[in-house]
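*Asks:* In our numbering, the protein residues as written are 9 to 452.
If you are wondering where the hints come from, they were derived from the structure by calculation, not from laboratory data.
One should not assume that every hint holds.
[Claimed, not checked] Lysine-lysine pairs mimicking DSS-like chemistry, simulated, CA-CA at most 30 Å apart:
{"#": "1", "residue 1": "K11", "residue 2": "K426"}
{"#": "2", "residue 1": "K148", "residue 2": "K59"}
{"#": "3", "residue 1": "K127", "residue 2": "K94"}
{"#": "4", "residue 1": "K438", "residue 2": "K426"}
{"#": "5", "residue 1": "K87", "residue 2": "K143"}
{"#": "6", "residue 1": "K442", "residue 2": "K426"}
{"#": "7", "residue 1": "K100", "residue 2": "K136"}
{"#": "8", "residue 1": "K26", "residue 2": "K231"}
{"#": "9", "residue 1": "K59", "residue 2": "K96"}
{"#": "10", "residue 1": "K87", "residue 2": "K59"}
{"#": "11", "residue 1": "K100", "residue 2": "K143"}
{"#": "12", "residue 1": "K231", "residue 2": "K17"}
{"#": "13", "residue 1": "K148", "residue 2": "K87"}
{"#": "14", "residue 1": "K148", "residue 2": "K94"}
{"#": "15", "residue 1": "K26", "residue 2": "K11"}
{"#": "16", "residue 1": "K94", "residue 2": "K59"}
{"#": "17", "residue 1": "K87", "residue 2": "K127"}
{"#": "18", "residue 1": "K87", "residue 2": "K100"}
{"#": "19", "residue 1": "K143", "residue 2": "K127"}
{"#": "20", "residue 1": "K127", "residue 2": "K100"}
{"#": "21", "residue 1": "K17", "residue 2": "K426"}
{"#": "22", "residue 1": "K148", "residue 2": "K96"}
{"#": "23", "residue 1": "K426", "residue 2": "K231"}
{"#": "24", "residue 1": "K96", "residue 2": "K26"}
{"#": "25", "residue 1": "K231", "residue 2": "K442"}
{"#": "26", "residue 1": "K426", "residue 2": "K446"}
{"#": "27", "residue 1": "K96", "residue 2": "K127"}
{"#": "28", "residue 1": "K143", "residue 2": "K59"}
{"#": "29", "residue 1": "K426", "residue 2": "K365"}
{"#": "30", "residue 1": "K127", "residue 2": "K59"}
{"#": "31", "residue 1": "K59", "residue 2": "K136"}
{"#": "32", "residue 1": "K231", "residue 2": "K438"}
{"#": "33", "residue 1": "K148", "residue 2": "K136"}
{"#": "34", "residue 1": "K87", "residue 2": "K136"}
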Amino acid sequence: MNKISLVAKREFLTRVQKKTFLLSTIGLPLIIFAFYAGMIYFSVKSTDNYKVAVSDNGNIFNNRIDDSKSTEVIFEFVKMDTSLLKQKLESKEYDAYLYVPAGFDPANSTDSLQFRSAKAVGLLTRDKIQNRISKSLEEKRLLSMHISKSQLDSIRSEKEYITFSNASGKSQNENKVGVSYAVGMISGFLIYIILFLYGSQVMRGVMEEKVSRIAEVIISSVKPFQLMMGKIIGIGSVGLVQFIIWIVLVFGLQLILPLIFPGMAGHMPAQPMPGGMAAAQTMQQNGAMSGLMSGLSEINFPLILGCFIFYFLGGYFLYSSLFAAVGSSVNEDPQDAQSLLLPIMMPVIFALVIMTKAVNDPNSSLAVFGSLFPLTSPIVMMARIAHGVPEGVTLFQLILSMVLLVIGFLATTWLAGKIYRTGILLYGKKNTWKEMIKWAFRKN
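Required output: the full structure, derived from the provided sequences and hints.
*Replies:* Below is the structure:
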């Protein structure tokens, strides 16, 4: 154990004392912060609005199209024919025009309105234009059916007809669902990045020592298994320290951001990830800040943080031992390592796919399997645990997942140790997984 700690200390100090460690640890959050602040600044200061000329010959809109607070698309009512509108479009006085003929009736007409633009219309701008025009026409159609304005407002008023609650009768906060979705996705992606980032560092470290023949000198003093475990623990400690520093810096910079850009909190650029649209819409419908605080108050962050550290360490040790085994079996050609990494990468990618389902349906059979299987549980379980215990995952499943992960780590470490012992001193041969499995089950 003392020799493992010496190797781990050497790996830790050699990496932490490098200038690249300081630059990547401190510089990366600062670069992200600079980009984030720039996005906010330019999204607020930008004055590029999309101007649309509306020639309402049928007096359908009454000089008003959905009086929403959005100023990104500006509708300007004019009295022009199509030829004059085309001239205005060519002279770039307007970005687009909407022509409403005199006989157009939104209640009976099956014709569509003419909307022409000088350039291609972006997807988000297209949706904003279509939603605002459709909303105004829908209001006109309902009023033509003798539905009064008060009745129309009453129909459109938000009312929850269904109250969600669990089996014990405790109500389920809709804001909590959105926040749980975001926390689960972020936690799962962080585990995914950590497994590849620091696992590959272990592999490169093993490859460098093997190619430079340093491993031969070290193995004269320590056993191959002790050398492998020392490298895994040392590099893992570097990753844990770096990750903690990142978390502190990111939260600290988030607190500084409102002081640098006062009054810009309501103008944060909305760029939701694919699959996160439902969570973003939930937060918008319930009031961004109040909904966020309400959802965050119901999240069990001590449980999530504790599980994150456990699955971070468990997943890292499990995969790092496999990465070390691959690094010990290759020679000077890095392409040999890439061909051997596919069986290791496939479970991680598979876990990422399951995670996208688990954040939406944490109790599905696929999510339960993914959270129990040791090769996928570090990523999938974080998506389930964000929904809470026992709503997202039962206590029995959580304990069973942890036990299976520990067993999986011990099993992979034992196999990787036997592969490492043979591969670290084997040169001049291109190895395959078939050969490595033979090394793992070869009797001493």
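*Asks:* Could you tell me which of the numbered hints above are not met by this structure, giving the numbers in increasing order?
*Replies:* Hints 24 and 29 contradicted; others consistent.
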